[in-house]
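**Student:** Here the protein sequences come in this chain order: W and A. In terms of our numbering, the first sequence opens at residue 1 and continues consecutively. In terms of our numbering, the second sequence opens at residue 345 and continues consecutively.
It is possible that part of the hints are untrue.
[What the hints assert, rightly or not] What follows is a list of derived Cβ distance ranges for each label pair: (1) A:VAL417 / W:LEU335: 37 to 43 Å; (2) W:GLY189 / A:ALA679: 53 to 59 Å; (3) W:ILE32 / A:SER490: 41 to 47 Å; (4) W:LEU327 / A:HIS434: 49 to 55 Å; (5) W:LEU27 / A:ASP488: 26 to 32 Å; (6) A:PHE834 / W:LEU207: 43 to 49 Å; (7) A:ALA679 / W:ALA320: 42 to 48 Å; (8) A:ALA442 / W:ILE32: 36 to 42 Å; (9) A:PRO416 / W:GLN334: 51 to 57 Å; (10) W:LEU207 / A:ALA679: 28 to 34 Å; (11) A:PRO622 / W:LEU335: 46 to 52 Å.
If you are wondering where the hints come from, they were derived from the structure by calculation, not from laboratory data. As the structure is a computational prediction, the values presented were derived from the model and not from experiment. All C-beta atoms, glycine included, are put in the ideal place defined by N, C-alpha and C.
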Amino acid sequence: MRVQRVASISGGVVIASRIGAVIAALLVGGAIFALAGYDVPMLADNVVEGSLTEFGIEDLGLLVSPLILTGLAVAIMLRIGLWNIGADGQFYAGAVAATVTGLAFPGGNDAVMLVVLALAGFAGGALWILLPALARAYLAVDEIITTLLLNFVALLFVNYLCTGPMRDPGQAITSASARVTTEIPPLMGDLHWGLVAAIVLALILALVFAYTPWGYEVRVAGANRFAAHYAGIPVRKRLMQVMLLSGGIAGLGGMAEVAGTVHRLQGGISNNFGYLGVMVAVLAGGLPIAVLPAALLMAVILNAGIVLQSYGVTTYEVLALTGLVLLFIAISEQLAYYRLLRRV
Amino acid sequence: MTQADARPAVELTGITKRFPGLIANDAIDLDLRRGEIHALLGENGAGKSTLMNILTGIYQPDAGQIRIDGVPVQFASPVQAIAAGIGMVHQHFKLIKAFTVAENIHMGWSETPRRVSAAVLERRTAELAAKFGLAVRPDARVEDLSAGEQQRVEILRVLARGARVLILDEPTAVLTPGEAAALAHAMRGFIATGYAIIFISHKLDEVLEVADRITVLRAGRKIATLPAQDCTQSQLATLMVGREIVAPQRGNAAHDRAIGQIVLQLAGVSAVNDRGLPALVDVDLALHAGEIVGIAGVAGNGQRELSEVLTGIRAVTEGQVRIGGTIMPNAEPAAFLARGIGHIPEDRLRSGLAPSMAVADNAVLREYNRPPVARGLFFAVRAAAALARRIVADASVLVPNMRMPVRNLSGGNQQRLVGRREMRVAHQALVAAYPTRGLDVGAIEQMLRYLIEMRDRGVGVLVISEELEEVLGIADRVAVLFQGRVMGIFPAAEADAERIGLLMGGRAEMAA
Numbered sequence: 001m002r003v004q005r006v007a008s009i010s011g012g013v014v015i016a017s018r019i020g021a022v023i024a025a026l027l028v029g030g031a032i033f034a035l036a037g038y039d040v041p042m043l044a045d046n047v048v049e050g051s052l053t054e055f056g057i058e059d060l061g062l063l064v065s066p067l068i069l070t071g072l073a074v075a076i077m078l079r080i081g082l083w084n085i086g087a088d089g090q091f092y093a094g095a096v097a098a099t100v101t102g103l104a105f106p107g108g109n110d111a112v113m114l115v116v117l118a119l120a121g122f123a124g125g126a127l128w129i130l131l132p133a134l135a136r137a138y139l140a141v142d143e144i145i146t147t148l149l150l151n152f153v154a155l156l157f158v159n160y161l162c163t164g165p166m167r168d169p170g171q172a173i174t175s176a177s178a179r180v181t182t183e184i185p186p187l188m189g190d191l192h193w194g195l196v197a198a199i200v201l202a203l204i205l206a207l208v209f210a211y212t213p214w215g216y217e218v219r220v221a222g223a224n225r226f227a228a229h230y231a232g233i234p235v236r237k238r239l240m241q242v243m244l245l246s247g248g249i250a251g252l253g254g255m256a257e258v259a260g261t262v263h264r265l266q267g268g269i270s271n272n273f274g275y276l277g278v279m280v281a282v283l284a285g286g287l288p289i290a291v292l293p294a295a296l297l298m299a300v301i302l303n304a305g306i307v308l309q310s311y312g313v314t315t316y317e318v319l320a321l322t323g324l325v326l327l328f329i330a331i332s333e334q335l336a337y338y339r340l341l342r343r344v
Numbered sequence: 345m346t347q348a349d350a351r352p353a354v355e356l357t358g359i360t361k362r363f364p365g366l367i368a369n370d371a372i373d374l375d376l377r378r379g380e381i382h383a384l385l386g387e388n389g390a391g392k393s394t395l396m397n398i399l400t401g402i403y404q405p406d407a408g409q410i411r412i413d414g415v416p417v418q419f420a421s422p423v424q425a426i427a428a429g430i431g432m433v434h435q436h437f438k439l440i441k442a443f444t445v446a447e448n449i450h451m452g453w454s455e456t457p458r459r460v461s462a463a464v465l466e467r468r469t470a471e472l473a474a475k476f477g478l479a480v481r482p483d484a485r486v487e488d489l490s491a492g493e494q495q496r497v498e499i500l501r502v503l504a505r506g507a508r509v510l511i512l513d514e515p516t517a518v519l520t521p522g523e524a525a526a527l528a529h530a531m532r533g534f535i536a537t538g539y540a541i542i543f544i545s546h547k548l549d550e551v552l553e554v555a556d557r558i559t560v561l562r563a564g565r566k567i568a569t570l571p572a573q574d575c576t577q578s579q580l581a582t583l584m585v586g587r588e589i590v591a592p593q594r595g596n597a598a599h600d601r602a603i604g605q606i607v608l609q610l611a612g613v614s615a616v617n618d619r620g621l622p623a624l625v626d627v628d629l630a631l632h633a634g635e636i637v638g639i640a641g642v643a644g645n646g647q648r649e650l651s652e653v654l655t656g657i658r659a660v661t662e663g664q665v666r667i668g669g670t671i672m673p674n675a676e677p678a679a680f681l682a683r684g685i686g687h688i689p690e691d692r693l694r695s696g697l698a699p700s701m702a703v704a705d706n707a708v709l710r711e712y713n714r715p716p717v718a719r720g721l722f723f724a725v726r727a728a729a730a731l732a733r734r735i736v737a738d739a740s741v742l743v744p745n746m747r748m749p750v751r752n753l754s755g756g757n758q759q760r761l762v763g764r765r766e767m768r769v770a771h772q773a774l775v776a777a778y779p780t781r782g783l784d785v786g787a788i789e790q791m792l793r794y795l796i797e798m799r800d801r802g803v804g805v806l807v808i809s810e811e812l813e814e815v816l817g818i819a820d821r822v823a824v825l826f827q828g829r830v831m832g833i834f835p836a837a838e839a840d841a842e843r844i845g846l847l848m849g850g851r852a853e854m855a856a
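Using the sequences and the accompanying hints, generate a full structural model.
**Tutor:** In C-alpha cells, the structure reads:
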C-alpha cells in the first residue's frame, strides 16, 4: 500500500472526513475517560438521553441560535480572509444596544419594537468592530489583535453598566439590568423564534456568497487581494462592508439573547459564544451553510458537557473533549486529501 | 595550469540540468581561479541561477562533475556545499529583520557558543567584522540597516562559515552607486587574500569594471569565457543576446497596415515601486491602435510598474495616463477595464489569479459583473460556468474539472487561461507582461499569433519580454527600459542586437 495526495476532493469526502473525525475523537475521549475510571457506556447513555428529552432539545436550541450567529459572524469574515476573534465583544455590544433601546421604549411588545431592537443590536455590533475595520482597511493593522482586545473592553463595560448605571435596584442579583419587556415570541417552551431567524440568515448568506456579484467579489478578495484589485474589485470597500456585517451579525446574537432568552443585560451574557463562534466557523470551513451543522455539533458538545458535569466529570475534562474534536477535525481536513493505493 | 597550487578553486565540467521541457544547463564548463573575480553574464533564463544552484547544492546535476581544489565532490544538500567552502549571497537577503546583526550572524551556525548573551555575540561579531574588514554594527537591528549594510551582514555571515568561494547574485541591484563602489573595493580585498568570487550580473559596464574574466551564458549554454580586458560592451551585448536575432518576419511590415490613433498613452509618468523607491521616471509612451510595441530590458528595470500604471493598478506620482485622449483616474483598475484595457500580468499567481478558487471562478474574473454572468442582482453560476468553459476551450487548456482550484493547473496552462481571458476584454489595448513565460515552444507560437491577430483587429498591443528575439519578431516598435527610463524607442526593423544590448545595459542612445 502507498499513500497518494490528490489535488482536489469532493464535498462528500469532506463531510465524511468530518464525521469520521468526530467519531474518532469521541472514541479516543471515551477511552481516556474509561482509563480515568468513568463508566463510559453509562455516561454516553445519559448524554444521549439528556439531549433527547423535550427539555434537552430546548436547551440545545437555546445554545444553537447564538452559536449560529457568532459562527456566521466569524465565517463571513473568513470569506474575505480575515479573522474576527471579537465576536464576543460584538455580542456584548449588541446586547447593550438592544437593552438600552428596549428599556428606553418600554411600551410595546410588537413586531415594530422587535425590528427596532434587532437594528439596534446590529448597529451595536457593527459599531464595536468599526475601529478594527478602519484600522485594517486603511492602516493594515492586524484585525486578530484589535478584535480580540475589544472583547475585554466590552466585558468590562457591560460589568460596569450592570453594577452601575443600569443596575436594577429591585433585583436580588447584583449585576443585571431591569427587564426588557420586548420579547421574541416563543417557538416551543423556552425556545424562541430567534433560532428560525438564525437559520434563515445562514441560508440567505450562503445564497449571497454563491449567487451575487458582491459575494463573488468578497470571495476573490479573500482568496487573493492583489488579484481582486487587478480585476477592478474595490477591495477596501468590500473589506469594510464584510467586517461591519460580521460585527452586526454577532450583535444580533446579543440582541436575540437579551430579547429571547435572558431578557436582561447581565455580566456573563455572552457565555463565550463569541469564542465558540470561532470554533464553529473553523469547523464549518468558513462556509455559511456549513455553520448550521457545526453550530449544532458544538451545542451538542456543550450540552453533553453540562450532563457530564452532573456526573462528576470536571469542566477541564469536558474542555479536553471539545479540544479533541477540534484537533481531529483539523487532522481530517488534511488527511482527506490523501488516499491509499494498493501497490502494483 | 602547471603549478599544483594554481588548480582552479572550482571546476565545473559538462554540467547539465534538465527540467521538464527545458534544458536549463547544457554541458557547461566553468573554472574559477583563486584570486579572481569571475563574472557570469547572461539574460534572464540563460541558466545562471540553475548553474549556481547546482554549485551550492540546491540542485543535483543530471550530468557533469564539480571539482573543488581538484577534488571531485557531490553536494547532496546546501549544507555540504557550505562545508566545502562555497558561500552564496542571494539577491534577496535571507536575514531576519527583527534580529540584530550579531544574532543573524550566529543563527544556525555550529560554532555559535552554547550559552549566548547579547554581549558575547556582539563581541564575536565585532571580531569577525574586523577580521574580514567588513564594517557592521553588531547591535543594530537588521530592519534599521540600509541595503548595503544588510549585504555586508550577508557576506560576513557567509565568510564566517569558512567560505573560500563567494557567489554574489546581482549584488549591486539593490545598492546605491556609492555602496556599489564600496562593494567593489571589498571584493578586491577578498581576492587579494586568496578568495575567489563569482559575480552574477546583467550590467555590462559594471562587469567590465569589476571582473577579471567573464563567462557568457545564453539559453543554457556557455558561449564564451573571456578576459575582461579584451572585452568591449558591444561585444558582450552581442554575445549575451545572441548574434542572430530573428528578423521581423511575421507580417511585420507596419507601413502595409494603417496604424490607428493613440489608444493608450503615458505622458511624463513617474511612479514608485512597492518599497517607495522611484521605479518609473518621466516616461512618455504612446500605443497606437493596430500596432505592437515591444518593451525590451533586463527584468527589474521598471517593467512591473510600467504594466501596472498602464492598467490602472498602480498610482502614478507624476504625469498622466490617457486612454483615447481621456485622462484616467489614478489607480482604478475597474475604469481601465471598462475602457477595454486587458492585462496579462507579470506574476500570474500573485496578481492575475486567485489560486485557491476554482478554474471557473478565475476564468470569469474580468466579466463577472457584466451579462451574461451578472443578471441584475445575481451572479449566474450556470452562465459563469458556460463562459468559463468557452474561455478554457479557447485557451486549449484541458481541465478535468472546472471546480478544481486553479493552482492545480500547470504554469503554462495558467498562463494560457489568463492570456485568453484578457484578450476577450482588451477591445482597445492589451498590456502583456511576459506573455510567453512558462509556455512550451508550440504554445509560444500560438500566443504570439494571437497577439498579431489582435493587432490586426486594431487593438494596441504592448509586449514586455526578456526574450529579445520574440520582441523583435512581432513588434512594430521597440522601446528599451533601463532603471525606469525609456532609453530609446525605434522601429523594430532598425533594431539590432548590439544596439539594444547596449541600451539594456544602460548606455544612453548615441547619435543614431
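**Student:** Please go over all the hints and tell whether each is borne out by the structure.
**Tutor:** Against the structure, the hints:
Look at VAL417 of chain A against LEU335 of chain W: about 41 Å separates their beta carbons, and that is inside 37 to 43 Å. Taken as a hint, the range 53 to 59 Å holds for the pair GLY189 of chain W and ALA679 of chain A, whose Cβ atoms sit roughly 57 Å apart. As the Cβ distance of ILE32 of chain W to SER490 of chain A is approximately 57 Å, the hint placing it in 41 to 47 Å is violated. Hint check: LEU327 of chain W to HIS434 of chain A, Cβ distance near 38 Å, so the stated range 49 to 55 Å is violated.
At roughly 54 Å, the beta carbons of LEU27 of chain W and ASP488 of chain A sit outside the given window of 26 to 32 Å. Separation of PHE834 of chain A from LEU207 of chain W is about 57 Å and departs from the stated range, judged on CB atoms against 43 to 49 Å. Distance hint check for ALA679 of chain A and ALA320 of chain W: the Cβ-Cβ separation is about 56 Å, which falls outside the suggested range of 42 to 48 Å. The supplied range of 36 to 42 Å is met by ALA442 of chain A and ILE32 of chain W, whose beta-carbon atoms lie about 40 Å from each other.
For the pair PRO416 of chain A and GLN334 of chain W, the beta carbons lie near 42 Å from each other, so the given range of 51 to 57 Å is not met. Checking the proposed 28 to 34 Å range against LEU207 of chain W and ALA679 of chain A shows it holds: the Cβ atoms sit about 30 Å from each other. Checked against the hint of 46 to 52 Å, the C-beta distance between PRO622 of chain A and LEU335 of chain W comes to roughly 50 Å, which is consistent with it.
Violated hints, listed in ascending order, are 3, 4, 5, 6, 7, 9; each of the other numbered hints is respected by the structure.
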